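Please build the complete structure, drawing on both the sequences and the hints.
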Amino acid sequence: MASRTLRPLLNRSRFQCLHTQTPRYLSKSTKHHSAEAPNQSTPHERTTHFGFETVAEAEKEARVAGVFSNVAESYDAMNDFMSLGIHRLWKYIFPFSPPFLTERPKECEGRSRTKANPQTRDHFVHSINPGTSLPTTSPSTEPQGWKMLDIAGGTGDIAFRLLDHATHINASPSSTITISDINPSMLSEGRKRSLSTSYAHSPRLSFLLANAENLHTVPSSSIDLYTVAFGIRNFTDKPKALREAYRVLKPGGVFACLEFSGVTNPLLDAMYKRWSFGAIPLIGQLVAGDRASYQYLVESIERFPKQEEFRDMIKEAGFHVPGKGWEDLTGGIAAIHKGIKPVEKA
Amino acid sequence: MATKRLLPLSLRLPKPSSLISRKYHTPSQPSPSPFPALETAILTSSLPHIPEHGFTPTTLRLGAHAQGYIPASQNLFPQGAFALVHFHLWRQREALKSCVVVKDAGKGVGVGRKVKELTWERLLGNREVIHRWQEALALTPLPSNLPTALQELHALSDEIWYLAGDTSVDTSWYTKRATLSTIYAATELFMTTDKSSDFKDTSQFLDRRFEDSRVLGEMVGSVGEWVGYNARAGLNVLRSRGVRI
Ligand SMILES: C[S@@+](CC[C@H](N)C(=O)[O-])C[C@H]1O[C@@H](n2cnc3c(N)ncnc32)[C@H](O)[C@@H]1O
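Going down the list, the protein sequences come from chains A and B.
For the first sequence, position 151 (counting from the first letter as 1) is numbered 151 according to full-length UniProt numbering, and the numbering increases by one without interruption.
For the second sequence, position 51 (counting from the first letter as 1) is numbered 51 according to full-length UniProt numbering, and the numbering increases by one without interruption.
Quick caveat, the hints were computed from the structure, so don't treat them as lab data.
Heads up, a few of these hints could be off.
Far from chain B, by Cβ distances over 12 angstroms, these chain A residues were calculated [as the list claims (entries may be wrong)]: (1) Q144; (2) P173; (3) S185; (4) P203; (5) I223; (6) D224; (7) E259; (8) K341; (9) P342; (10) K345.
Chain B is faced by these chain A residues, among others (derived, beta-carbon under 10 angstroms) [unchecked claim]: (11) G131; (12) L134; (13) P135; (14) W146; (15) L208; (16) K250; (17) P322; (18) K324.
Only a predicted model underlies this, so the values are computations on that prediction, with no experimental measurement involved.
Every residue gets a Cβ at the ideal spot worked out from N, C-alpha and C, and that includes glycine.
Quick look at the structure:
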């Protein structure tokens, strides 16, 4: 398993491992991905974007699944490199910038070591502040926990953080979460990881194999918080997924999305593009031996709508958006979008 | 709309154009809430909870609950509990417009006295929340909140001079507002520690500040002194808001 052997190495010295260790990982590049299925689309089929290619919608689903199957196990390694990329970019642009911009996340501490951008994810969870409740009027009434749904939850990282926050910050042991993903191998990776958390086999944690565009097993108006982190850009029909989010949320419930986004600073934008189109797929190849999959990831980021556009899509689905509708992070490379499902006044 | 008159708390001399436009200012109209309708409704139902739960997210969640919203809807307020502070400032500023002092503006009452009475009225607007007001002040120096807080403070001074019937558009325009902002901020802070009945001590404190400023006002003659004075007044305002300069 690439990620397993790679991780200690990454933690020790990320800047050097590329030079000293590449030959070992290049040998893995023989592994092939299933995404390049022959194009069988009929002329009447609806098409969508797969990175910069235009493909039939049904095919995209298969391709996306392929990409994530390919990267599921080396996903952390890739994520580490992605964040290293952003970190280096900052260093390059602002060589003398204050430490909070360039300091590398302390990934070697605690469980978060397995993921990149821990600060971004922590900020996301912190800004949502899950598990809060009204002050209890009588000591006998236990406050209701939040019912949360983490879509495209992949390896469960966001979900564990949400539960941690609800439990430890807001003293809400009754808050629960369902991790949902379209991809069984991502989901089983999440299940595997949950075993090393305090939520192993806990009824507070459940898993659901589902396409975000069709959550028919989730009842309407049943969820307090719907999160999707670095996932929505992969959805074939984003408006449909947003309408499903709206349906499953309780009135007053929150849709929260963390996603790479259109970079607002044009200089940064240009540099980020050069960096991401060139280096990330290459690194992907070196780390996981699968250049095409990473090419897709980079291109799908590029394809994702700009902040204003995405905010309007959220509104279009019926949500009320707070403030200007989003919060830019790390110079606009990532952004948090939120929407609140309004309560219908009788 | 009030925002038209929200000139920044500035150390520059006023531009002639802004002075001219003020001459044609329409009588103080109700200004719209700084928040969208849904947030305004929730904030309005939050206000009664401030005395017990303070300027806190808990109060916001109680207000949301009153509107049928679950605790997760706290995400409506990216600025958190500061939304309550902002809303309170706006509401109390608006309340001055229907103040008796303004309505029964007797011909005999001078602008100066009206300014003082309006300032006192506004301070009394904090009566119900005064034991919680230090929480509010603790939130204001945050970089994301300070501009709003200062803008509100300036808008308040502006409103008070306007309601008092001050129409002068000379170079004293900024001095008056900066002076009043300073006096107001200092007295407001004093009031949070006042234990006397009916805030008598605060009232005396306010009187003394106005005394000081009359003397100062006479001293401030030339432009150089005026700028220096304004700079100091501005700094003091920031300091009283908790900014360490
Ligand atoms: C980049 S990963 C993000 C994982 C995790 N949320 C995180 O923050 O690291 C994207 C995930 O989206 C999932 N995904 C792609 N299309 C999906 C869809 N239509 N419905 C649900 N999940 C989908 C993939 O299987 C993959 O696990």
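Hint-by-hint comparison with the structure:
1. With a minimum CB-CB distance of about 9 angstroms to chain B, Q144/A fails to clear the 12 angstroms threshold, and the non-interface call is violated.
2. With a least beta-carbon separation of about 16 angstroms from chain B, P173/A lies farther than 12 angstroms from that chain, consistent with its non-interface assignment.
3. Distance to chain B confirms S185/A as a non-interface residue, since its nearest Cβ pair spans about 31 angstroms, more than 12 angstroms.
4. Residue-level check passed: P203/A sits 21 angstroms from the nearest beta carbon of chain B, beyond 12 angstroms.
5. Consistency note on I223/A: stated as away from chain B, yet its beta-carbon is not over 12 angstroms from all of that chain's, at 9 angstroms minimum.
6. At the 12 angstroms boundary, the C-beta of D224/A falls inside the reach of chain B, the nearest C-beta of that chain being 5 angstroms off.
7. A cut-off of 12 angstroms between C-beta atoms confirms that E259/A is not in contact with chain B; the least separation is 17 angstroms.
8. Remark: the non-interface label on K341/A conflicts with the geometry, its nearest Cβ contact in chain B lying 9 angstroms away (cut-off 12 angstroms).
9. Some Cβ of chain B comes within 12 angstroms of the Cβ of P342/A; the nearest lies about 7 angstroms off, and the non-interface call is violated.
10. Not every beta carbon of chain B lies more than 12 angstroms from that of K345/A, the smallest distance being close to 8 angstroms; the non-interface claim is violated.
11. Against a cut-off of 10 angstroms between C-beta atoms, the interface hint on G131/A holds, since the closest Cβ of chain B lies about 9 angstroms away.
12. With a cut of 10 angstroms, the hint placing L134/A at the interface with chain B holds, because the nearest CB-to-CB distance is about 6 angstroms.
13. Restraint check, P135/A versus chain B: the minimum CB separation of about 6 angstroms is within 10 angstroms; hint holds.
14. At its closest, the beta carbon of W146/A sits 6 angstroms from a beta carbon of chain B; the interface hint therefore holds under the 10 angstroms criterion.
15. With its C-beta approaching chain B no nearer than about 20 angstroms, L208/A sits outside the 10 angstroms limit, and its interface hint is violated.
16. For K250/A, the shortest C-beta to C-beta distance to chain B is roughly 6 angstroms, which falls under 10 angstroms, so the interface hint holds.
17. Given the 10 angstroms rule on beta carbons, the hint for P322/A holds: about 5 angstroms separates it from the nearest Cβ of chain B.
18. Taking 10 angstroms as the C-beta cut-off, the interface hint given for K324/A holds, the closest approach to chain B being about 9 angstroms.
The earlier numbered hints that this structure contradicts are 1, 5, 6, 8, 9, 10, 15.
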